[in-house]
Structures are given as C-alpha cells and as structure tokens.
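> Turn these sequences into a full structure, and let the hints guide you.
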Amino acid sequence: MQVFKAFLKVLKKNSITAIVFIGVFLLVAVMMSANKADVGVTVEVRMSVFDEDGTPESEKLTEVLGKKFDIKDIRNDRETITDMLYYESIGYALVINKGYSEKLAAGETDGLFSAYHLHSSYEEVIAEQVVNDYAAAVSAYVSAGIPLSEAIDYAGNDLLTETDVTIERFDEGSKDYPSDFAAYFRYLPYILISAILSALCPVLMIMDRKDLRYRTNCSSIRQNSYTLQIFAGGAVFVLAVWLIFMGVGMYLYGGMFRGNAWTAVLNSALFALITAVTAVLVASSISTQNILTLIVQVLGLGSSFICGIFVPQYALSSGVLAVGRFFPAYWYVKLNDMLCGDTLYKSDEAAVCLLIELGYAAALLMITLLIRKLRYSGAYMMSKA
Amino acid sequence: MFLHNFIYELKTAIRTKDLVIWLIVFPIALGAFFKVAFHGLYEKETLFSTVDVAVVDEADDSSFRAVADNITSGDEPLLNVSYADREKAMELLKNGDVSGVIFTGNELSLSVTGNGLDEEILKTFVEQYNFRSRIIGKSAECGGAEAAQKAAEALTREVTSVERIPLTDGNTNNLIQYFYNLLGMVAMFGSTTGLHITKVNQANISALGARKCCSPTPKSVSLAASLTASYLIQTVCMLLSVSFIAFILRVDLGSSLSVVYFTSVLAGTVGVSLGFFLGSIGALSEKAKESISVSVSLLLCFCSGLMIANMRTVFDRKLPWFNRINPAAVISDSYYALNIYSGDNSRYFRNIITMAVITVAFALLGFALTRRKKYASL
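Order-wise, the sequence lines are chains A and B. Just so you know, we're using this note's numbering here: the first sequence kicks off at 1 and counts up by one. Just so you know, we're using this note's numbering here: the second sequence kicks off at 1 and counts up by one.
Don't read these hints as lab results, they were simulated from the structure. Check before you lean on any hint, since a few could be wrong.
Listed below are the simulated DSSO-like cross-link pairs for lysine-lysine, each with C-alpha atoms no more than 30 Å apart in a straight line [claimed, not checked]:
(1) A:K60 <-> B:K150
(2) A:K373 <-> A:K13
(3) B:K44 <-> A:K67
(4) A:K5 <-> A:K175
(5) B:K88 <-> A:K103
(6) B:K287 <-> B:K11
(7) A:K13 <-> B:K150
(8) A:K175 <-> A:K67
(9) B:K94 <-> A:K346
(10) B:K44 <-> A:K9
(11) A:K12 <-> B:K287
(12) B:K123 <-> B:K94
(13) B:K17 <-> B:K44
(14) B:K11 <-> B:K44
(15) A:K5 <-> A:K373
(16) A:K210 <-> B:K199
(17) B:K318 <-> A:K67
(18) B:K17 <-> B:K212
(19) A:K72 <-> B:K212
(20) A:K373 <-> B:K11
(21) B:K199 <-> B:K17
(22) A:K373 <-> A:K9
(23) B:K123 <-> A:K175
(24) A:K60 <-> A:K98
(25) B:K150 <-> A:K5
(26) A:K12 <-> B:K199
(27) B:K199 <-> B:K11
(28) B:K287 <-> B:K219
(29) A:K210 <-> A:K373
(30) A:K346 <-> B:K287
(31) B:K123 <-> A:K67
(32) A:K72 <-> B:K318
(33) A:K346 <-> B:K88
Just so we're clear, the structure is a prediction, and the values are computed from it rather than from any experiment.
Okay, here's the thing in structure tokens:
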C-alpha cells in the first residue's frame, strides 16, 4: 500500500486547496438550497400594487388582491419595478389610477388602472384577467342598480370565492422527500463535480508527475496495482467529502433521512462514485492546472444547465434533453425529480436511472484503466521523454 | 526599461498557451452550452403560451361549450380544449399531456396535478366562469329578473380596464443575463492572469521570480510591465468572447455592441487586478493561491447569478450593498443597464465608475503588498 500512503501524504500537503474548494462549494450548496423559495418554480402570482387614488374603494381592491395573490411591498420607482419584473421577483406591477373610485361609481371601466409592462408573462395574463374581472363585476352590479359600496363588497367576495380544485396525486413519492429539501440534492452534482475535481485532481496530477512516475515504473509494483491504489486513495477522499455533504444534508433535513430520502442518498453516492472515477480520468489526461479549471467549469456548469440542475428538466426542450442524456447528471436529476414527486414515480424507471449511473461509473473506470495503462507504461513515457 | 519588460512579459504570457487557451476556450464552450440549454426556454417558461386542458362534459353544458369555443379561437388562444370521458381525461392528466381536467356541472370544477402557472391559468378561467354566473344570480336576488338582465348585458361588454406602460425598448429576454454573467465570469477568471504576475515576480514561487528579485530592474517597473501585458491579454480574450457570443452564437446582447466591447475591456481589467491583489497576499504556495483565486471568482459569480439568475435579487433584498461592490455583479449589471435602461445611462456610468475604482484599488493594493516582499523576507 505504498502508493496509497504516498497519495494520502500528498493529499495532506495539499489540504489547504482541498479545504478552500470544499468550504466554498459547501457554502454555495447551502445558499442554493436555502434560497429555493426565492428562486424556485413560481406557484402563485407575485405582484405589487401602487394606490394613487387612496380612497376606501381602492383600498378595498388592494385588500382583495392581497388575499388572492402574494403582494410584494416594493419602492414605487421605475428602476426598482423594472428590476423586479426583469428578474421575475414580481410578475405584475399594478397602479390604481387617480379617479378610480369616481369612474367606478359611474360604471366606467376604461382607464381604471395602469400596469408596468416588460413582457407578456403568465403572471401578467392571470393578474390582468382578475383585475378586469373585478372591474367587470363592479360595473355589472352597478348596472343592476346595486349601490357602489355593496357592489364592491359583492365583487370582492365573488372574486375570493375559491373554486373546487382537486390536486391529483398519482404517486406518494414526495412524502418523506419534500420538493424544497430535494433542491439540496438536485444541486449536488454540480457541487460534487466542482469540489471533488478541483480538490482531488491536483493531488492526482502530482502523483502522475513524470519524476514520480519514472521512479514507480522502475519499481516492482504492477501498473494495475498502482492505479487501484490511486483509486482507493481517491475513494477515501471522495467518501469523506460525500459524508460531509450528507451530514449537512441531514442538518437541513432536520434529522435522520426517511423513506425516499434514502434513495436520494444512494443516488448521490453513485454520483460521487462517478465523480471520483472522472477525477482520476481527468487527472490522467491533462497536465496543467489551467486546463483542469477549464474542464471543471465547463463540465460542472455545462452539464448542470443541460441536464436539469439549474433549469428544471420539464422546462428544457427535447433537443437539449437528448444531449443531456449522454451525461450521468441527467439520470441523477431524473431520479431526484421522481423521488420528490415533481414527476411521476415509477419504480422500474428509478431502477433504470440507478443502473445507468452504475454503468457510467463502470465504463469510466474501464476507460481510465485503459488510458493509464497506455499513458503510464514505461515504453510510452520513454517515447515522450 | 518599461517597454523592454512589457514586450517580454507579453511574449511570456502568449507562450503560456494553456492559460490563453483556457481564457478563450472557456467562454466558447460554456457559451455554446448556454445557447443549447436556453433555446426556446424564454418562450416556454416566461412568456405566456396556450394551456392544454381536457374537459369532461358529462352535463352536456351548451353554454360552457360556447364559451370554450370562443376562448379557443384566435392566434394565441388561452386554452386548447380536448373533450374526453372521465377515464381518458385522467389518463391524459397522468401522462402530462394536459395541465388539468375541467368538469362541467352546476359549477365548473377542476383537477390538476400541481400548482404551477398553467394550473393557475386554468383555475382563473374556471373561477371567471363560475364568477359570472354568481353575479347574475346575486343581481337577480337583489333586483329581480330585470337587474339580472342588466348585469348579464354589462358582463357581455369587453372590459379593458388596464393600460400598459412599457418599461423598456431593450431585449426583455431575461435569459440573456446568463450571457452577461458568463462575460462577467470570463472577466473574473482573468484573475488567473493577474495571479500569474505574482507567480513570475515572487521569489518563493518560481525560478523566474527568484531571478527577477535579484535583477537591478526596479520591482515597480517590472510589475507595471507585467500588469499592463496582462491587461492587454485579457482585453483580447474579452473581445473574442463578446465577438463569439454576438456573432457566432448570435445572442442579442441588447445594446450598442461598441459600448459592450468597451464595458468588457474594463471588466477584464477588474479580473486581472483582482488576481494580482489576491496573488500578492501572504506567501502561500502557487496552488493555494490558485485555489483561492478560482474559489473567490466562482463565489462572486454565483452571487451575481451565474448559476441561479435570481441570486442577484436575493442579495438585492438581503444584502443590497454587496451587489454594489461585488465585481461580478457590477459587470453583469453594466450589460443589463445598457440593455434595459438605454435611455438613461446613470446606472451604467455608476457601474463603470465602480469598475474603474475596483481596478485601481486592487492594482494599488497589489503593488503595496508586493513591493515589500524582498528575497530575504520570503
């Protein structure tokens, strides 16, 4: 186990690099999952209301809209409103125009409101429909001879009467693995790729330095034994990193994992294994830190965008997903989405995802062994010297 | 002396092929990934598109069918309705072919599988339908048949109570911000070239650094030449990145390209200065400094929204001052301001001034920290 011991010594010497990367990515992972509510899929209309009329009638409308939608209190200046609409922190910005109550009493509906417009989003369509409905209802009641104050009350009550909506659940996938917590595991492939490759590859590259390799090639140790000891060293490091991330996951989960969460843990363990093998493969193929940074960033960020880590898989086009299928992260995210109930859970498909990930690990291992056998054989190295 | 050093620094930097390749290949590779991933995403996720729905019309409700026919006509109808029996409709819902199932009856009811925006559109439609019949009923209760008739007539009138105020003439596709952040990241990763300056000038890191420390050339001249050469290399990388994104990927960066080029050049200097400063701190090994530089750059890019676009607004709400000093956020905000606030340049100028101040401050700090490092002190 000389190589294994040497690996651990080199790792210890490069511990600052590893600690910096793991610390930073741990911070990023926690920030990503902590802000799920702010950055996740929108489930209700978020709007701001600016009341320029300031009458009991306009206040009543603001109150009704507040009960129906998520009202965000923001500064009434054009720059703030533009930023909020552009970054989708709100979906609609309504202004109740001056003279609103007078027009309403006269049964008029034109020009009651203004709305800042950036693009025709879903939230704009919904909110505008509701505001128009409210104006139409008050106008209809007033036309029917009902006094304005009562018409406003009736219209408000009608608007707030909930319709009979049944949420169909075709599976029980998300019981022990809520979607909010699943965000932590969803972002994990990016974190694992970035943290493990950035921290482990420099150590592996030192182990593969020419002077060290010349000495090793002269020794009695077999190439496969050398590579397997390197894998073992890498595996110990990856296991430690994975356990740290699982520990943080348990803290965010609020205790020991239950039910489907264990499958998510298994999923992440398989992905960590793939990342470990990838790290050995990458380190065996390159020789400089700058190229390593390039590969880590392109692999980490690129696969995250096309496999559904940063953008949900349902939102990606079929062409993008067709490309994404070639990356293990795609199968990881697909299973994660099934486990938390974002997509329909099918046990056979879940098993397929796990098997494909295992297949990736095996295939990458074979390729790595082959590359290392070719690249680090004595004859090859001498020819390159 | 400066010119002599500058030329040799430039030659050395160009010969550090992996560094230059990394700075050029990185935006090309990641930009291509972005282009593929975001193809059609804005139209699909942000802009409204017709919602697919199944209708189980067991009550054979002719008035509903009339409303449904009306709402499904036009260029971009609100709904795309398929009539089906209960079993078939639920199958469509289960397979995700429709976003919901509407059941007719005394009042409409709705079945959905989630609570996204498609479902919210369906809920609004069903509520609107039920809402109108309730208004007529209540008017009849209060004022008899005549009142109900008047209310029904009023409800047939088309209501357009909202006047839209357009906010910008720029490109409103908010996925462009990922490209702004990509350019920000390329600029921030210019810190690796900045770091290279300290590597070749610090005696305990490289043999070249050791020789330079012994040479009679004043350290300030040598550092200034290195820094200028790095600015130039980074400028070329930034210009190539913008050209690739604008002309090859054909991404509409949303404003005058010459100003985008100018912004990118300045952004590049921010990254180099940051790397120069980070490299000058302490006497850590090359690898430790590289890891700190990459981590800091990545963290700043994450906070400006490279991975998750809304992170910028999260910081705007929780730590607004941070976005004003985070170089990555300032860089991406400059492109954003150019695009969205094309008529009012005050925000853009504020960002440009911030970038210039950051560049000068980091460069001066780098000089101050490096010039004290004599061979003996390391």
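> Has the given pair, K60 (chain A) with K150 (chain B), been kept, meaning a C-alpha gap of at most 30 Å?
25 Å, holds
> Has the given pair, K11 (chain B) with K44 (chain B), been kept, meaning a C-alpha gap of at most 30 Å?
Violated, because 48 Å separates the two Cα atoms, which is more than 30 Å.
> Does the alpha-carbon distance linking K123 (chain B) and K94 (chain B) stay inside the 30 Å limit?
Holds, at about 18 Å.
> Measure nothing beyond the straight line between the CA atoms of K5 (chain A) and K175 (chain A); if it is 30 Å or shorter, mark the hint as holding.
44 Å, violated
> Taking 30 Å as the top limit, are the C-alpha atoms of K60 (chain A) and K98 (chain A) close enough?
15 Å, holds
> Check the hint pairing K150 (chain B) with K5 (chain A) against an upper bound of 30 Å on the C-alpha distance.
Since the Cα atoms of K150 (chain B) and K5 (chain A) sit roughly 90 Å apart, the hinted pair is violated (cutoff 30 Å).
> Checking one constraint from the list: CA of K199 (chain B) to CA of K11 (chain B), max 30 Å. Satisfied?
With a Cα-Cα distance of about 16 Å, the restraint between K199 (chain B) and K11 (chain B) holds, given a limit of 30 Å.
> Taking only the CA atoms, is the gap from K94 (chain B) to K346 (chain A) under or equal to 30 Å?
12 Å, holds
> CA of K44 (chain B) to CA of K9 (chain A), is that 30 Å or under?
Violated, at roughly 52 Å.
> Within 30 Å, alpha carbon to alpha carbon, are K88 (chain B) and K103 (chain A)?
Not satisfied, since the Cα-Cα distance of roughly 48 Å exceeds 30 Å.
> Does K5 (chain A) pair with K373 (chain A) here, judged by a C-alpha cut-off of 30 Å?
21 Å, holds
> Quick one, are K373 (chain A) and K13 (chain A) close enough, alpha carbons at most 30 Å?
27 Å, holds
Going through the hint list in order, the structure does not satisfy hints 4, 5, 7, 10, 13, 14, 19, 20, 25, 30.
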